[in-house]
Amino acid sequence: MKIKQLLALGVVALTVFSLNAAQATNDEIKNRIKPVGNVHIAGAVAATAAAAGPKSGKDIYNSACAACHAAGVLGAPKTQDAADWKPRLDEKGFDTVWQNAVKGINAMPPMGTCGTCTEDDIKSAIEYMVEGVE
1 MKIKQLLALG
11 VVALTVFSLN
21 AAQATNDEIK
31 NRIKPVGNVH
41 IAGAVAATAA
51 AAGPKSGKDI
61 YNSACAACHA
71 AGVLGAPKTQ
81 DAADWKPRLD
91 EKGFDTVWQN
101 AVKGINAMPP
111 MGTCGTCTED
121 DIKSAIEYMV
131 EGVE
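Under my numbering, the first residue of the sequence shown is numbered 1, with each subsequent residue one higher.
Wrong hints could be hidden among the right ones.
[Unchecked claim] With a cut-off of at most 30 Å between alpha-carbon atoms, the simulated DSSO-like pairs for lysine-lysine come out as follows:
#	residue 1	residue 2
1	Lys55	Lys92
2	Lys86	Lys58
3	Lys103	Lys92
4	Lys55	Lys86
5	Lys55	Lys123
6	Lys78	Lys123
7	Lys123	Lys86
8	Lys58	Lys123
9	Lys58	Lys92
10	Lys78	Lys55
11	Lys55	Lys103
12	Lys58	Lys78
13	Lys123	Lys103
14	Lys103	Lys86
15	Lys103	Lys58
16	Lys92	Lys78
17	Lys92	Lys123
18	Lys103	Lys78
Hints are computed from structural coordinates only; laboratory data are not their basis.
Model the full assembly from the supplied sequences, consistent with the hints where possible.
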């Protein structure tokens with residue numbers, strides 16, 4: 001009698017485990033094959049993304065400039081360091097420094113490392129980097 005009870009208990013446990021595992025597998029499959037995008041038909045009006053708004057010079061600096069300018073990598077002038085910035089600004093002026101950043105200079109590629117920045121974004125980032133330099 002005890003063997004029959006153990007066998008019945010084993011069958012019930014195995015059935016419950018199998019159903020649970022099958023459900024988890026089905027959920028995983030549904031998750032893996034769910035659509036990753038939307039289909040847009042030519043000629044139909046597409047939804048537009050809301051503009052994120054302008055970024056501050058500090059935001060641009062943190063996302064694209066800090067990697068080099070925080071530590072002065074490859075001679076990059078360090079952020080808000082008068083010893084690095086003042087001679088450049090006195091000799092060349094802000095507009096030349098800005099255009100050098102836009103066009104690239106020495107080890108700095110054009111537009112720095114910001115592939116989505118406008119020239120005005122670069123200007124804002126430089127204005128942030130020279131804050132307090134007199």
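Cross-check of the supplied hints:
For the hint linking lysine 55 to lysine 92, the alpha-carbon distance of about 27 Å falls within 30 Å, and the restraint holds. Distance restraint check for lysine 86 and lysine 58: the Cα-Cα separation of roughly 19 Å lies within the 30 Å cut-off, and the hinted pair is therefore satisfied. Proposed proximity of lysine 103 and lysine 92 is supported: the alpha carbons are some 15 Å apart, at most 30 Å. A distance of roughly 25 Å separates the Cα atoms of lysine 55 and lysine 86; the hinted pair therefore holds under the 30 Å criterion.
For the hint linking lysine 55 to lysine 123, the alpha-carbon distance of about 12 Å falls within 30 Å, and the restraint holds. A distance of roughly 16 Å separates the Cα atoms of lysine 78 and lysine 123; the hinted pair therefore holds under the 30 Å criterion. For the suggested pair lysine 123 and lysine 86, the alpha carbons sit about 17 Å apart, so the restraint of at most 30 Å is met. Proximity of lysine 58 to lysine 123 is assessed by CA-CA distance (about 11 Å); at most 30 Å being required, the pair is judged to hold.
Note on lysine 58 and lysine 92: the hinted pairing holds, with a Cα-Cα distance of about 23 Å set against a maximum of 30 Å. As the CA atoms of lysine 78 and lysine 55 are separated by approximately 21 Å, the hinted pair is consistent with the 30 Å bound. A distance of roughly 21 Å separates the Cα atoms of lysine 55 and lysine 103; the hinted pair therefore holds under the 30 Å criterion. Our distance criterion of 30 Å between C-alpha atoms is met by lysine 58 and lysine 78, whose separation comes to about 14 Å.
Taking the CA atoms of lysine 123 and lysine 103, the gap is about 12 Å. The hint holds against a cut of 30 Å. Taken as a hint, the lysine 103 and lysine 86 pair is honoured in the structure, with Cα atoms around 21 Å apart against an allowance of 30 Å. Distance check on the hinted pair: lysine 103 and lysine 58 sit about 21 Å apart at the alpha-carbon level, within 30 Å; holds. Straight-line distance between C-alpha atoms of lysine 92 and lysine 78 comes to about 17 Å, which keeps the hinted pair within the 30 Å bound.
For the suggested pair lysine 92 and lysine 123, the alpha carbons sit about 15 Å apart, so the restraint of at most 30 Å is met. Taken as a hint, the lysine 103 and lysine 78 pair is honoured in the structure, with Cα atoms around 19 Å apart against an allowance of 30 Å.
In this structure, every one of the numbered hints holds.
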